[in-house]
Structures are given as structure tokens and as C-alpha cells.
Amino acid sequence: MPHPALSASIARVGRAVDTGADPAPTDGRLLTRYACTRDEAAFAELVRRLGPMVLGVCRRVTGEDHHADDAFQAAFVVLARRAGDVRPAESVRGWMYGVAVRTARGARTMSARHRTHEKLVPTPPDRPARTSHSPDADALQILDEEIAALPDHLRTAVVLCELDGVSRNDAATRLGIPEGTLSSRLGKARKTLAHRVRKRGIVLSTAGLSAVLGQVASAAVPADLIVQTVAAAISPGTISAPVATLSNGVLRLMIAHKLKSVSVALGLAATVICGSLLIAGDRPTPNTEPRPLVAFADPPKPGTTPGTKAADPKPLPKGPNKILFYRSGHLTLIDPDGKNDTKVSEDRGKFFPGTAKLSPDGKRLAVLLQPEDPPDARDGRKLYVRGLSDPEPGTDLAVKCQMFSWSPDGTEIAYSNFVDGPEKASDMTQGIVNVVTKETTNLKIPEGHLITDWSRDGKSFLTTKTNGDRTNPIARLYLINRDGTGEKALTPADQLAAFGHFSPDGKRVLYTTVILPAKEKPGPSRMELTVIDLATGKFAPVADIPLNAEVQGYCWSPDGKQIVYAWREVHEGKPEDLQMKETESFLVVCDPDGKNPKTIASEKGSGQWIITISNVDWR
1 MPHPALSASI ARVGRAVDTG ADPAPTDGRL LTRYACTRDE AAFAELVRRL GPMVLGVCRR
61 VTGEDHHADD AFQAAFVVLA RRAGDVRPAE SVRGWMYGVA VRTARGARTM SARHRTHEKL
121 VPTPPDRPAR TSHSPDADAL QILDEEIAAL PDHLRTAVVL CELDGVSRND AATRLGIPEG
181 TLSSRLGKAR KTLAHRVRKR GIVLSTAGLS AVLGQVASAA VPADLIVQTV AAAISPGTIS
241 APVATLSNGV LRLMIAHKLK SVSVALGLAA TVICGSLLIA GDRPTPNTEP RPLVAFADPP
301 KPGTTPGTKA ADPKPLPKGP NKILFYRSGH LTLIDPDGKN DTKVSEDRGK FFPGTAKLSP
361 DGKRLAVLLQ PEDPPDARDG RKLYVRGLSD PEPGTDLAVK CQMFSWSPDG TEIAYSNFVD
421 GPEKASDMTQ GIVNVVTKET TNLKIPEGHL ITDWSRDGKS FLTTKTNGDR TNPIARLYLI
481 NRDGTGEKAL TPADQLAAFG HFSPDGKRVL YTTVILPAKE KPGPSRMELT VIDLATGKFA
541 PVADIPLNAE VQGYCWSPDG KQIVYAWREV HEGKPEDLQM KETESFLVVC DPDGKNPKTI
601 ASEKGSGQWI ITISNVDWR
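If you count by the numbering used here, then the sequence shown holds residues 1 to 619, one letter each, in order.
Read the hints as simulated data drawn from the structure, not as lab findings. C-beta atoms are modelled at their ideal positions from N, C-alpha and C, and glycine is treated no differently. Be a bit skeptical, because a hint or two may be false.
Pairs of lysine-lysine, DSS-like flavour, derived with a Cα cap of 27 Å [to be verified]:
{"hint": "1", "residue 1": "595", "residue 2": "507"}
{"hint": "2", "residue 1": "595", "residue 2": "318"}
{"hint": "3", "residue 1": "538", "residue 2": "595"}
{"hint": "4", "residue 1": "322", "residue 2": "382"}
{"hint": "5", "residue 1": "561", "residue 2": "318"}
{"hint": "6", "residue 1": "598", "residue 2": "322"}
{"hint": "7", "residue 1": "382", "residue 2": "444"}
{"hint": "8", "residue 1": "538", "residue 2": "488"}
{"hint": "9", "residue 1": "199", "residue 2": "188"}
{"hint": "10", "residue 1": "507", "residue 2": "598"}
{"hint": "11", "residue 1": "538", "residue 2": "465"}
{"hint": "12", "residue 1": "598", "residue 2": "561"}
{"hint": "13", "residue 1": "339", "residue 2": "595"}
{"hint": "14", "residue 1": "507", "residue 2": "561"}
{"hint": "15", "residue 1": "382", "residue 2": "438"}
{"hint": "16", "residue 1": "318", "residue 2": "598"}
{"hint": "17", "residue 1": "322", "residue 2": "507"}
{"hint": "18", "residue 1": "507", "residue 2": "465"}
{"hint": "19", "residue 1": "363", "residue 2": "438"}
{"hint": "20", "residue 1": "400", "residue 2": "465"}
{"hint": "21", "residue 1": "581", "residue 2": "598"}
{"hint": "22", "residue 1": "339", "residue 2": "318"}
{"hint": "23", "residue 1": "465", "residue 2": "488"}
{"hint": "24", "residue 1": "595", "residue 2": "561"}
{"hint": "25", "residue 1": "400", "residue 2": "382"}
{"hint": "26", "residue 1": "318", "residue 2": "438"}
{"hint": "27", "residue 1": "318", "residue 2": "507"}
{"hint": "28", "residue 1": "465", "residue 2": "382"}
{"hint": "29", "residue 1": "343", "residue 2": "382"}
{"hint": "30", "residue 1": "343", "residue 2": "604"}
{"hint": "31", "residue 1": "343", "residue 2": "363"}
{"hint": "32", "residue 1": "538", "residue 2": "561"}
{"hint": "33", "residue 1": "322", "residue 2": "595"}
{"hint": "34", "residue 1": "343", "residue 2": "318"}
{"hint": "35", "residue 1": "465", "residue 2": "444"}
{"hint": "36", "residue 1": "561", "residue 2": "343"}
{"hint": "37", "residue 1": "363", "residue 2": "322"}
Quick list of the computed label-pair ranges, beta carbon to beta carbon [stated by the list, open to error]:
{"hint": "38", "residue 1": "505", "residue 2": "169", "range": "48 to 58 Å"}
{"hint": "39", "residue 1": "151", "residue 2": "180", "range": "16 to 26 Å"}
{"hint": "40", "residue 1": "337", "residue 2": "584", "range": "18 to 28 Å"}
Work out the full structure: start from the sequences and follow the hints.
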């Protein structure tokens, strides 16, 4: 008799599978909906759509149907845990192909070990095992493994065009790339595959490779297997021991690989850049004692831009003294004392944490939304502006970007965009858009800089510059004139500093510092908030942030007398033990030195990597 939890989960999931999801959304939209809202019907539809391909891979690689079923379920458990990692979302088929091969190889290894150590005759499987090992079967198995070993962008092209039979035009549209680029990827993938399978003893011409690819078949997925798979993926208590072992093994490998190869592209502000710095754990811990900036830069006097005469900063628009933050799928406004919590967004399936800011007067909201059309999904999110009480999404400013900052008077927005992809991970573009006319102006910001704030006199930008070196990373704050000249470092080269925000009077900057473990004392890296005084060149950490905290956002109060920051618990333990471990996030208001902290909001999430509170702004 099934476990009560399993029966309840299967019943619930069965209803989701029966009702299904709207077949109109693309695979990428379904994945985004699940990643943002944990929509079970969307996930069930993904299992339906991707299941035949995944089961076909699992059966070819394992060679036995009953082990293939375990690998099939494990592959979708991995998708449920790492849905947010699939970028662009429309590449989910190629991503799942690679995961399916990994889980199937794990199942094949487990089976071989079992046969080696098990002396008794095993119980016959419910479904007959597949025992065919013809040359064609061997070739297909090798081809599956080599397709999985291709880089993500090449594998996705092969899966869509060669295996699923999608036209090049349609595939390019889904992925948001020119058709010529897709054709180039297919040509490179074929050449790579032919070379790799030749090294494994299978010689194929281009025509022969195409013929073998044509034999890579999908498999019909039994309805009960779909229901069990969705239940296992969204209800951890229902996962069988073999499926848990297989999925945990793949998740461990993925997390380890991610820590070693995080892209330089800065997707979620400090969280991502700090992830890219974790791999440099053998560098000495930077000195955090206050030190004068004049050793490496001559900072401007408050209210001035390098190379100009001092001028009084213009009065800033006065806001309502409200804090904006992301909370469990919605943007929320709250008073600094934690009262009057009000949602200001409803369509939570289209934006991600860390992508919204209030105008200086606090009356409008600028937000980055996921594009509706797949062609736009790869090269940036779309920038919208609306009044707080206006219907979503608001006015489309016809700008795609990853980061942005309001001008001091609220008439313009400066933005930075970069392509988060295998070929152009470091490409960045900068510009300014007028929020009324939508007129855009390109900025000539030096290479490698991302705009993180706009000076209160409107004449300069605060930027973060990284070197892109994964083994010896550098992250540093700079002040740059609006025309791209006068580049001045604000932090020392041996301090890993990122994502600064000016205080309202322009005299101080609040930013993230990454503290790496000393070589003689291995351990995890950690994040600190630091305040730098531009007049004296001294800096100091914000005190009393817990050692197990991962900072998720921060900014100044409108009067500069306080700061607010969001942080999430970081647990110790193996990745597989932390996947569904309850994790709490907090929103804290304190003095700029960290004293007098007050938690004004908290939220719990079902997993170490679930973001429940982030994206902080105060106007």
C-alpha cells in the first residue's frame, strides 16, 4: 500500500496532469512560470512535452527500461530544483537532454554495481528489460553521450533541429538568435560530434551522422509514469531511494560545476558576482582597516564631478518615505517601521528579484519584465515604467537591459545591458532613455563597467568594473563622468567591491565587499556591506550582519541617516540536504554603521536557494 504522503501527492498532481496547462505557451514560458510561481500545472505540461525525448534518452543509455524509469524521474527532479538555471528558458530541451544522459549514466552505473555485489537472482522488473546491443544501439548510446557533452548552445541547436525536427527559422525564433547564427552552431555541432564519435571507434560521414541522428527516437511515456514523476519532482517526500540517489548525484555535480564556472555576466547583482568570486578562495583576505583613497585615486569633493568646479547639488524630489522590496513573488511597499505592507504588483510570473526601483519622488515604478516574445529572451529584459496604482505592465520604454538607475530628477533612466550567453558573456552596452519621449542616447562608458547609480548632480555615474578572470577576479568601484571620461577608482585593487549606491547627499557610498578566506584557513567566502566616505577616503564594514547571511539587496534611507538591507540564511551541509531545507530571509533597517538594527519583515522559503526577500529601494 503506498505511503499516505505519496498517495496524496499523486492525487493532487493527477488533477494537475488531467487539467493540464494551456498548450499555447512555449516551453520557456512554462518553465519561467514554474520557476517563479511553482505552478504545478505548468510543470506537468513540461513533463508531457519533454517526456518522450527524455525517456528515449534514458532507455538508450541505460539499456534497461526499469532503470530508465528511475533516470527519467530523476531528470525531472533535477529540473524542478534547478529550473531557474536554464538560460535562456527556451533552451530547456537541450538542457534536459544533458541532464537525462547524466541521470541515465548514473542509473547504468548503479545497476552494474548491484549486479556485481548481488549474488541472489534479482526480482524480474515490471516491464521487460531491453537487451538489444546491436551496433546501431551502441552508436546511438555513444551519440547520446557526446550530444550531452556539447556546450549548451550547440546541444540545444542539435536537439531542436536534428532531433525534434524544428525548422531552423522556428528554432532561431525560439532562441532569440539570427537564423545564420543557428546554422553556424549546427555546422559546428556536427563537426564536433563526428570528430568525437570517431575517437570512440565509430566513423561517420556527414550523411552518416545525419542518418544516425534520425534514429534517435522518442519514447511514449506511460500516463502513470508522468503522474509519479511530477509528484516526485514537486513533493520531496514521495521520491524513491534510487531516484533520490540519482538526482542528488547530478545536483552535486551541477552545483560544483557552477561554482567553478560562474559567468562574468552579473545577473542578480551582488549574489551573482559574489558567486563568481567564490572560486578564488586561495587569495589572502583583503585588509579591511580604514585607509585613505588618495593612495590610488583622488576622489571628487561632495557635489562635484572630476574636472569641474564645485557646485551645490540640486534639491532632490521628496518621496513618501516608503521601502520597496521583492517578497515571495510580488513587489511590496512597506513603512520603515514594518507597518502598512502593500503589494504593488500582481503579475509575478514575468519578473525576477532585483529588477525594480522607485522614481525619486516615489510615485512611479521602473521594472524589468521578461519579454513576451522568445526572440527577446536572450539579450535582455524589457524596461517598463508605470504609476504605482496604474495597471501592469505600464509603458514599454523599448529598452532591453539587465541593470538601471533613475536620474536624480526622475526624467531619465541610465541602463546597462549585457548578453548572458556562451559567445558574448562580457558584451556590455550602456545608454540613457527619456521616460516621457522614450528617446535613447548611447553612453561611451569604458569597457567592463556596469552603471549602478547616478550622482545627485546628474553629471557622473557610479560603476562596478570586473576583469572577467575567474582564477584571479577583480571587482572595483569607479566614478565616471557622464560622457565616459574621468575614470576614477574609489576602492583599492585588493578589495573585491561591487554595486555601490550614493548616499542622498553624495558624500558616502554603500557597497558590497566580498571577503575571501585566507590561504592558511580554508572556508567559505562571505559578503559584507561597506560604507566609504568620499571626503576622507575611509571605509568601514556595516556591523552586526550575521556571519551566515547572504545579502540580497541594500540602499540608503531618503535622509541618509539609515540604511536598509535584505539577507538570507546560508546553511551548512551537503547540497542535496539543503535543496528543500527551510530558509528564512529578513529585511533590516539600521544606522549606516550597522547599529540599532530592526527587522521589519521576514519570509520563509522551502530551500536554500529560494529567494523570498530581495530587491530593496527606499524613497
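Discussion item. To test your reading of the hints: which numbers does this structure violate?
Written reply: none
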